[in-house]
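As a plain string of letters, each chain reads:
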Amino acid sequence: GDSVTQMEGPVTLSEEAFLTINCTYTATGYPSLFWYVQYPGEGLQLLLKATKADDKGSNKGFEATYRKETTSFHLEKGSVQVSDSAVYFCALTRDDKIIFGKGTRLHILP
Amino acid sequence: DTAVSQTPKYLVTQMGNDKSIKCEQNLGHDTMYWYKQDSKKFLKIMFSYNNKELIINETVPNRFSPKSPDKAHLNLHINSLELGDSAVYFCASSQDGARAGYGYTFGSGTRLTVV
Chain A
2 GDSVTQMEGP VTLSEEAFLT INCTYTATGY PSLFWYVQYP GEGLQLLLKA
52 TKADDKGSNK GFEATYRKET TSFHLEKGSV QVSDSAVYFC ALTRDDKIIF
102 GKGTRLHILP
Chain B
29 DTAVSQTPKY LVTQMGNDKS IKCEQNLGHD TMYWYKQDSK KFLKIMFSYN
79 NKELIINETV PNRFSPKSPD KAHLNLHINS LELGDSAVYF CASSQDGARA
129 GYGYTFGSGT RLTVV
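Protein chains in written order, with my numbering: chain A, 2 to 111; chain B, 29 to 143.
It is possible that some hints are incorrect.
Below, simulated DSSO-like cross-link-like pairs (lysine-lysine); rule was C-alpha separation at most 27 Å, straight line [what the hints assert, rightly or not]:
hint : chain 1 : residue 1 : chain 2 : residue 2
1    : A       : K53       : A       : K103
2    : A       : K53       : B       : K68
3    : B       : K50       : A       : K103
4    : B       : K72       : A       : K103
5    : B       : K50       : A       : K61
6    : B       : K37       : B       : K95
7    : B       : K37       : A       : K103
8    : A       : K78       : B       : K37
Computed, partial: chain B to chain A, Cβ under 8 Å [what the hints assert, rightly or not]:
hint : residue
9    : Y38
10   : I73
11   : M74
12   : S76
13   : N79
14   : K80
15   : I83
16   : I84
17   : G129
18   : G131
19   : F134
20   : G135
Simulated from the structure, these hints should not be mistaken for laboratory data.
We treat Cβ as the ideally placed atom computed from N, Cα and C, and that holds for glycine.
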């Protein structure tokens with residue numbers, strides 16, 4: 002069935018480092034792809050999305066490109082901040098629901 | 029104004045009890061969902077309602093019963109609570125369902141602890 006695989010964490014970086022969190026997916030058809038972020042004690046917030054191949058989603062300095070040839074949607078940010086510390090979820094649509102990856106915890110050190 | 033609000037935020041209860049979690053959205057969305065997040069942060073869909081009609085019912089024990097009195101509300105009732113029900117339960121809503129690609133708006137979660 003459809004699924005999302007993302008790199009296991011935790012990922013620990015220093016402030017201003019470059020971030021990549023890998024995400025690959027398995028799906029039939031052309032799902033929409035998402036990155037959600039969950040800050041401690043809060044619900045998930047939509048960070049960015051892409052609805053078709055080669056689309057690039059971007060928000061708050063984060064970006065991800067829908068790559069159908071490699072079935073990937075890697076999350077990147079050029080310079081992370083301490084406030085980016087959170088759990089990041091890659092996700093895709095299947096029928097009427099969204100399927101989430103297992104989440105990657107990110108720690109940014111000052 | 030909170031877009032998707034859940035109550036209560038925390039719920040501690042004994043095994044065998046019956047409890048309810050309420051969810052309301054003021055976004056005018058027509059689809060609402062319940063997800064369960066376990067201690068490892070894994071999110072699993074439980075139910076989905078579209079305009080008060082049940083459209084997704086994953087393999088969830090029948091002790092869990094959703095109820096949608098109108099399209100702005102989706103409540104979750106749990107009978108005979110078990111230790112394994114301890115988790116964070118998230119309500120979410122979307123416009124036109126997940127197919128439309130708009131994504132979900134999530135509530136802040138209800139942390140259920142069964143002792």
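A quick look at each hint next to the structure:
| no. | hint | in the structure |
| --- | --- | --- |
| 1 | K53/A x K103/A | holds (23 Å) |
| 2 | K53/A x K68/B | violated (30 Å) |
| 3 | K50/B x K103/A | holds (26 Å) |
| 4 | K72/B x K103/A | holds (10 Å) |
| 5 | K50/B x K61/A | violated (32 Å) |
| 6 | K37/B x K95/B | holds (19 Å) |
| 7 | K37/B x K103/A | holds (23 Å) |
| 8 | K78/A x K37/B | violated (32 Å) |
| 9 | Y38 | violated (11 Å) |
| 10 | I73 | holds (5 Å) |
| 11 | M74 | violated (10 Å) |
| 12 | S76 | holds (6 Å) |
| 13 | N79 | violated (12 Å) |
| 14 | K80 | violated (15 Å) |
| 15 | I83 | holds (6 Å) |
| 16 | I84 | holds (6 Å) |
| 17 | G129 | holds (4 Å) |
| 18 | G131 | holds (4 Å) |
| 19 | F134 | holds (4 Å) |
| 20 | G135 | holds (5 Å) |
When each numbered hint is compared with the structure, violations occur for hints 2, 5, 8, 9, 11, 13, 14.
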